[in-house]
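*Asks:* The sequence shown begins at 15 in my numbering and counts up by one.
Just so you know, these hints were derived from the structure itself, not from any lab.
Accuracy of the hints is not assured; some may be wrong.
[To be verified] Derived DSBU-like pairs: lysine-lysine, alpha-carbon spacing no greater than 30 Å straight-line:
#1 LYS315 <-> LYS304
#2 LYS702 <-> LYS750
#3 LYS293 <-> LYS275
[As the list claims (entries may be wrong)] Distance windows between CB atoms, simulated:
#4 THR817 <-> ALA403: 51 to 59 Å
#5 GLY160 <-> PRO181: 16 to 24 Å
#6 THR257 <-> TRP906: 40 to 48 Å
#7 ARG391 <-> SER858: 43 to 51 Å
#8 PRO102 <-> ALA143: 16 to 24 Å
#9 ALA615 <-> ASN924: 21 to 29 Å
Glycine included, each C-beta is placed from N, C-alpha and C at the ideal position.
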Amino acid sequence: MPDPRSHPTPHSETPRSRTPRSETPRCRPVAALVLVAALAAVGLGPAASPAAAANVPVGSGSYSDTRPAGTSGPTTNTGAPVTPKVTPAAKGRPVPTNDWWSSLAFQRYGDNPYSTPMYGHPLTYQATAGGLEVGYPTTPAVVGEGRQYEYAHKRDLTLGLTRLNSPDTKADSWSDWTVTPYWSDGARTLRTTIGHGLPFVYAKGSGGNAQITTAAAPAVFADQGNVLGITVAGHHYALFAPTGSDWNVSGSTITAGLGAKDYFSLAVLPSADALATYKKYAFSFVTGSKATWSSAAGSVKAGYTLTTQAQEGSETGTLQALYRHQWLHTTDPLTSYTYVSPRGTMKVREGTAFTTTQKSSPVLPALPKSSGVDRARLKTYLDEVANAADPFSGATDTYWTGKALGRLAQLVPVADQFGESATRDRLLGLLKGRLQEWFTAGGASEFSYDKDWQTLTGYPASYGSDTELNDHHFHYSYYVYAAAIVAQYDQAWAADSAWGGMVKTLIKDAANPARGDTAFPFLRGFDVYAGHSWASGHQGFAAGNNQESSSESTNLSAALVLWGSATGSTELRDLGAYLLTTESEAIAQYWFDADEQVFPAGFGHDTAGMVWGSGAAYSTWWTANPEEIHGINVLPVTGGSLHLSGHKAAIRRNLAELVRENGGPAVEWRDILWEFESLADPGAAKSKWDAGNGGYTPEQGESKAHTYHWTGTLDALGAPDTGVTGDIPTSAVFTKGTVRTYAAHNFDPAPRTVTFSDGKTLTVPARSTATGTGTGGGPDPDPDPPTGNVFQLRTGGTLTTATGTTAGSDTLAPADGTNHDGIPYRPLVYEAKQVNGVLAAGGSTSFRLQVDAGTAVGLGPQARISYDLTGDGTFERTETYRYFATDPVTGWETYGEGSGLKSATGSLGNLKGGTVRLEVWSAIGNAPAKLRTGTADSVLTIPFG
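Using the sequences and the accompanying hints, generate a full structural model.
*Replies:* Written out as structure tokens, the structure reads:
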């Protein structure tokens with residue numbers, strides 16, 4: 015198959031099967047004092063003395079401030095050392111490599127001092143001597159013998175200044191998902207701000223007129239002096255110059271004088287008639303972007319906010335386009351405007367901020383003990399690993415050492431739960447010994463800090479982790495995961511003053527939550543807006559950046575949950591919950607096309623091995639073998655893999671395609687794929703293990719002990735049920751038939767009660783995993799399609815046709831003294847997905863909701879019911895009912911459709927894999943109220959048979 019890295023340019027990064035380049039190291043950094051002081055300031059370890067020490071102590075460990083002899087740091091593709099390509103204003107700021115725009119700062123190719131194509135979505139960009147190329151690809155190409163689809167960058171126009179001819183483009187500033195490239199040729203300077211979800215390009219320039227050069231002669235559809243509407247290659251753009259200016263069109267060149275001003279902008283329009291709306295925000299320039307997150311009560315909430323500055327007038331609002339993984343989980347109002355992207359439809363929000371809410375992805379140190387595993391048989395498998403002549407299988411570099419650490423760490427809690435304490439301790443000793451080798455500078459393996467790139471690289475390196483800054487989040491995920499397992503059993507080892515400081519330093523390199531850190535960039539690998547990580551440090555491809563093994567990315571996220579829980583760091587625990595939950599949805603949509611709404615029709619595959627800025631590919635870096643293509647986004651299989659079970663139909667399609675493409679069942683990676691199948695169909699997977707366990711070689715990060723435990727446990731307990739969440743991140747639920755098993759691990763030194771979203775509770779002893787049926791509550795539905803048309807409400811945001819018998823309640827937030835009649839404000843949201851039904855003739859929606867305002871006066875709960883008929887994210891019918899005036903007497907009151915329909919939009923039709931959403935909020939009032947959940951006291955009845 016054609017290598018996706020060479021389509022459409024020959025540039026490529028180091029794949030997993032190649033030996034990384036090496037060179038004579040650069041001169042030793044002058045001093046480590048500034049770095050160590052910065053680390054000490056964020057709790058990573060004490061400052062070192064003397065300032066020029068080659069080895070920087072961190073607790074019991076250390077790293078080096080000098081690369082080992084004979085090794086390389088970041089280089090061009092020809093091996094020449096390279097430093098960040100940034101302006102003086104940005105010098106000293108840690109550069110966020112592994113981003114969608116990193117080629118601006120990391121010059122991978124000596125003959126390209128500008129950038130490679132950058133995919134912001136909906137727009138694409140490429141820096142050139144004359145300014146910024148802008149495109150809006152809307153038609154996918156399926157290439158590489160049908161193995162890759164791409165919306166490749168194709169220039170519609172170039173934004174610049176007259177006579178601008180800059181020798182390079184540099185990164186001038188950046189925020190969470192925006193960046194400002196900078197051009198200067200001595201006489202003229204240009205800055206533009208671009209970003210994910212931005213339909214605008216904001217420009218500031220001096221020394222020349224604003225200039226737009228189109229790829230073909232533009233068709234003008236609107237001329238308002240300083241506002242010009244043009245169509246290029248079928249795409250509509252609006253150009254905005256300062257008030258008093260006038261755009262002049264001469265062939266394919268369009269110019270406008272700026273006068274005493276220095277700003278202008280352009281926007282890609284969803285349609286020509288959107289010009290008036292976009293004109294309103296043309297001079298409200300985006301100056302920054304910021305994501306925030308929180309994790310509580312089984313939910314992860316995230317906020318995405320743009321900061322703006324008015325260049326003229328007073329308007330400070332804006333327009334931004336949301337990706338599918340975002341708009342599926344927001345209740346904030348969206349406009350009717352949409353854009354095409356490689357990630358499916360993007361939807362436009364009018365405003366500077368939006369929020370998302372998702373059920374937290376489950377994490378456990380290991381699957382719990384069950385009757386599906388025979389202790390004697392398990393012991394035999396455990397002994398094979400623990401007593402191997404070389405438990406690390408000859409691994410020396412960061413990646414393969416990490417894989418070996420992960421294989422051993424998986425078995426520690428498994429051995430412990432079956433009373434194999436000697437094996438547990440043997441494995442823990444192996445983990446500690448190898449981690450400590452890497453966490454101590456000066457030996458055959460160590461971590462080295464690069465002061466230019468402000469990154470920590472392990473040597474021996476692999477797959478471009480040194481020369482290209484690739485894959486740090488992949489490699490280090492295994493170290494953090496192994497350290498978290500050690501910390502579960504030995505808190506003293508994990509103390510900052512012991513080895514925990516070095517673990518935190520690795521975390522800072524790969525997933526730093528602190529924006530103001532002077533030693534490492536904010537979230538190096540994770541793109542908060544795209545919803546997933548990027549693997550390439552330099553992004554030097556025509557197809558943009560890429561990520562192959564999304565599951566090794568989530569391995570780091572799950573490891574953060576475990577490490578944070580084990581060490582008492584709620585910051586790192588909640589960061590891990592946010593990263594895991596967010597990327598879980600991105601993986602489902604963009605790697606597995608779970609809703610079948612993203613991959614273009616001509617692609618012909620049900621999964622992607624790699625996601626690129628321009629699209630996705632049915633491939634891996636090193637092989638076209640279907641087993642690896644399907645398995646690379648599953649491994650490593652751990653207690654952090656349970657989130658994959660949230661889309662069981664997608665797993666079944668995925669594995670069915672594997673068999674077709676493979677010409678039969680898996681052979682090489684059968685264990686990984688059995689474990690994957692267990693997340694949807696545990697019985698079928700267990701049968702395959704039973705039939706085939708005698709004659710296979712485990713994948714290099716796996717063991718027969720772990721695969722036996724995994725398949726046997728899920729066969730006994732059932733597949734994970736991600737529709738029910740616990741109120742701590744380290745909890746999970748499994749369902750087999752009508753029996754639900756609740757599991758949680760308590761890292762605290764005292765017992766605690768874990769409450770699940772269906773009302774069940776589970777008491778968990780200190781520092782232990784517990785399972786049981788809990789108390790109260792009835793079973794929530796499996797993610798499979800519900801049957802019936804009467805839905806009960808469940809705490810946690812579920813509508814279910816299952817019958818509950820234990821009442822609960824959710825809290826309606828107050829209206830904060832403002833009238834929100836007809837407009838949801840901090841609503842409670844309940845949904846049922848994959849709903850099928852035929853519209854009943856003459857039927858209508860009805861509901862009965864029990865509410866209680868207590869003794870508060872003047873409260874008014876209000877409800878809105880929305881129907882997405884096909885599950886594509888577009889709600890074809892929305893019904894808003896008049897609010898219900900509660901009384902100030904404690905006790906339940908009934909609010910129903912009898913209050914009257916306030917408004918309705920759209921029309922109903924048959925449901926096919928659709929979504930039904932109920933939103934309830936306080937339209938008026940200054941106090942909270944209660945909404946009954948869990949039983950038939952509160953129900954929604956939809957008019958479908």
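*Asks:* A separate judgement is required for each hint: does it hold in the structure or not?
*Replies:* Tested hints:
no.	hint	result
1	LYS315 <-> LYS304	holds, 14 Å
2	LYS702 <-> LYS750	holds, 19 Å
3	LYS293 <-> LYS275	holds, 18 Å
4	THR817 <-> ALA403: 51 to 59 Å	holds, 57 Å
5	GLY160 <-> PRO181: 16 to 24 Å	violated, 41 Å
6	THR257 <-> TRP906: 40 to 48 Å	violated, 58 Å
7	ARG391 <-> SER858: 43 to 51 Å	violated, 59 Å
8	PRO102 <-> ALA143: 16 to 24 Å	holds, 20 Å
9	ALA615 <-> ASN924: 21 to 29 Å	holds, 22 Å
The structure shown violates the earlier hints numbered 5, 6 and 7.
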